[in-house]
Amino acid sequence: MDKILRINMGASGGPSQNIEEAGEFSALGGRATTSMIVAKEVPPDCHPLGAENKLVIAPGMLSGTTGAMSGRISVGCKSPLTGGIKESNAGGQPAQVMARLGYAAIIIEGKPASDDLYKIHIDKDKVTISVDNSLKLMDNYPLVEKLRKEYGDKAAYMSIGSAGERKMAAASIACTDPELRPSRHCGRGGVGAVMGAKQVKAIIFDDSGCTHRQPKNQEKFKAANRAYVEGIRKHAVSGEGLPAYGTNILTNVLNEAGGYPTRNFKTGFFEGGTKISGETQAELEIQRGGLATHGCHRGCVIQCSGIYNDKDGKFLTKQPEYETVWSHGGHCGIDDLDTIAMLDYLDDNIGVDTIEMGVAIGVAMDGGVIEFGDSEGAIRLVRDEVGKGTPLGRILGNGAEMTGKAFGVDRVPVVKGQALPAYDPRTVQGIGVTYATSTMGADHTAGYAVATNILKVGGDVDPLKPEGQVELSRNLQIATTAIDSTGMCLFIAFPILDQPETFDALLDMLGAFYGIKMTGDDVVALGKKVLTLEREFNQKAGFGAEDDRLPRFFKTEPLAPHNITFTVKDEELDELYNWS
Amino acid sequence: MIPERKPGRSAGAPVFFNRKLTMPTAVDLQVQLNLDSELISAFYLLLQKGVRLPVATGCSVIKLLNDQLGIAEAYVLNRITTLFLDGKPVDDLTSSVIDNGSVLALSAALPGLVGSTMRRGGHLAAMREAISYHPPQAVTTGSGTVTIKLFNIPMKEIGPLLVERGVVLTGSELMTLVADGGARFQKGCDSVTLNGRSSPCAEFTEQLPTIMAPQQTALVKVRWNEAVSQRTGVPPAEGAS
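In order, the protein sequence lines correspond to chains A and B.
Heads up, the first sequence is in this note's numbering, so the first residue is 43 and it goes up one at a time.
Heads up, the second sequence is in this note's numbering, so the first residue is 61 and it goes up one at a time.
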């Protein structure tokens, strides 16, 4: 990955392209690359949908190699949803293919003067940017079907649906999976709207004639990869729980803990939880001839995804993830898996973030647009309103905050304009700290269960003492930022959390590939550097301490069944970024 | 297919029911279902919602699981890494106390930050201190009923053995089990023994609404047509009927 492709969509005479040396970015990846470029090149006070914003796409450090779990792709920009810096990542095939083509990043900047819609085709010999207005307002599934007829089945596709073209702030960018379904999404923060603003409908990556990226030390890399895969496979979470039940394994447990936000965060227990749990979902998928175990990209060892068929045994959508099942399920009072799967398909097809969309519908339910539990009504809102770009659809498609304002709802679960995910912060106070202070807005992946104990970020914390929620969150955010920068799937967090030898194997893989010696300290330093840049960008964009807060109702409304509120003080939240 | 646990793939110890549970019979009916082992999945929803067991109360969670339910301590320690007692995550198995009416939920290790946070005695347990289980000051012993919920891996591994030993179901739950199973249940149910009298499955399911009121209780045991250990990869229950 020694080059960066820069495309100026606003060049006079039509889009221009330039290939630059990757320089410092040749040995970086994912979130580190996107955030560093955005921080350096995008004016923090620009309009997210204007010509000055840039869309940066970067594969992971080991994407395109034979290294396992290396297929995440990151997209960065200034977010139209939050107004701050954004990195959103997804699985699927594009990261692997883009990396094999040798690109450390693609930077799309400017804005066309005309209303033409473009597609970008990249192969080993050239980059072709062409007008294709026949694609206008196509949604992702028919769009990819059409593009496959022209570019074939060996390519990987990134695309936006009608929501992206309509520049909705919840719009996502779809990435095709190994079966060429546009089912993997850079969902959060409205990155699809930025691609829509650049009038780029699709990017087609074709690595025909390319080979796997080669490590500096082949033997060491192979040995480290073997140990890494072994560690992933032997761990109970990545080797058993996730393959069998997917991320929706969490529904029952969150519900049991009283931390499952139900009917727009009114209670922590959903009476229909077992009907939509991962256990029930997996059984249904198997009964209908689908799959409960499936990888979202080649080289995935964990296989936490699946195939969800309809009642007639025909493909409906990929296995909805926990956060999707929650946002369209318990959050909306819906306990029917078929309804949730249909909503997941509609979200993917139209191209919207499943978390933001589900939370917006729940807020709309609170505002009286439809009743909680109205399955048909929820499908109608997404299919006929958001999908058709009606005025109501545009309100919903611009996210939960916009929906709350439009319908006079005073209970709007967002931070920095981004909807809270599926974990009530009153039950798990530490995740509330991450929601409040993350540079990304409310994001459950911003402070993941990464190996802070092994990294010794901030020293040891007594696991059973309540003090130090802020310190724990800080450490997790630093470590997660570093993992996001490797482009590795976050689910490797569990084996590297519990098995120091698996963490060492990951460092050895990186070291053997780049011919360097990587230590835990290097990982921590990278995490801090990226977080600092992101924080500074947000400050220049106008964010202050008052934005690092949860909505007030989390402090004032006790959550049943535990009847607890969020108790971390504002002054403690303000300490999060005070690190040496 | 959900992959069966492959030998040697997990560090977990096997389940071993090393003691016979003495089941009091303070129920309205005794039902034994003779089922094809394929019908294990028909119980999954019920096991997630929770099944009731008569137990001696006032003991610790580890004593309940080990001494009363006969689940090997090594299995509990290695495989059941996330437990909730009355909705509160448990960190210490020896100081947590089972009371009459307690609800105990058992799960394997879970993904996500919150999954890690809920883990027994985990590195991130402090993040959910507000809901963590704390033992009572005083403990009284006696007898009562506990509700066991089984999620994910324990559901597959312990569930078949638990229903083999017997669980208390209401008439409503039994009717739902039969109705949700539909034709599959009829096909896989060889016969039913009701209070010692055997009858064809079709006859039992047809007459069930007249045999049991929704709120009545039955001790329901399952005899699988093949040793469940062959399906779950764990040894059979000692003294299973």
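In short, the hints are calculated from the structure, not lab data.
Every value quoted in this text rests on a predicted model; they were computed, and no experiment measured them.
Where a beta carbon is used, it is the ideal one built from N, C-alpha and C, also for glycine.
Treat each hint with caution, since some may be false.
Examples of chain B residues lying across from chain A (beta carbon under 8 Å, computed) [claimed, not checked]:
id	residue
1	LEU105
2	ASN160
3	PRO171
4	ARG283
Per label pair, the in silico range of CB-to-CB distance [unchecked claim]:
id	chain 1	residue 1	chain 2	residue 2	range
5	B	ASP96	A	PRO600	43 to 49 Å
6	B	MET235	A	ASP378	31 to 37 Å
7	B	ASP96	A	GLU614	55 to 61 Å
8	A	ASP195	B	GLN267	25 to 31 Å
9	A	LYS611	B	PRO269	55 to 61 Å
From chain B, some residues computed to sit far from chain A (all C-beta separations above 10 Å) [unchecked claim]:
id	residue
10	SER97
11	PRO149
12	SER167
13	ALA168
14	GLY202
15	ALA243
Here's how the hints hold up against the structure:
A least Cβ separation of about 6 Å between LEU105/B and chain A falls short of the 8 Å threshold, and the interface hint therefore holds. Because the smallest distance between the Cβ of ASN160/B and any Cβ of chain A comes to about 19 Å, over 8 Å, the interface hint for this residue is violated. Taking 8 Å as the C-beta cut-off, the interface hint given for PRO171/B holds, the closest approach to chain A being about 5 Å. The criterion of a C-beta within 8 Å of any C-beta in chain A is not met by ARG283/B, whose closest approach is roughly 22 Å, and the hint is violated.
Between ASP96/B and PRO600/A the beta carbons are some 48 Å apart, a value that agrees with the proposed interval 43 to 49 Å. Between MET235/B and ASP378/A the Cβ separation comes to about 21 Å, which falls outside the hinted range of 31 to 37 Å. Checked against the given bound of 55 to 61 Å, the beta carbons of ASP96/B and GLU614/A, roughly 57 Å apart, stay inside it. Distance hint for ASP195/A and GLN267/B: a CB-CB separation of about 57 Å, inconsistent with the stated range 25 to 31 Å.
Evaluation of the 55 to 61 Å hint for LYS611/A and PRO269/B yields a pass: the beta carbon distance comes to about 58 Å. For SER97/B, the requirement that its beta carbon stay farther than 10 Å from each beta carbon of chain A is met, with the minimum near 15 Å. Consistency note on PRO149/B: stated as away from chain A, yet its beta-carbon is not over 10 Å from all of that chain's, at 6 Å minimum. Its beta-carbon lying about 5 Å from the closest one in chain A, SER167/B breaks the requirement of being farther than 10 Å from that chain.
Residue-level check failed: ALA168/B sits 5 Å from the nearest beta carbon of chain A, not beyond 10 Å. At the 10 Å boundary, the C-beta of GLY202/B stays outside the reach of chain A, the nearest C-beta of that chain being 25 Å off. No beta-carbon of chain A is positioned within 10 Å of the beta-carbon of ALA243/B; the least distance is around 13 Å.
Of the numbered hints given earlier, the model fails hints 2, 4, 6, 8, 11, 12 and 13; all others are met.
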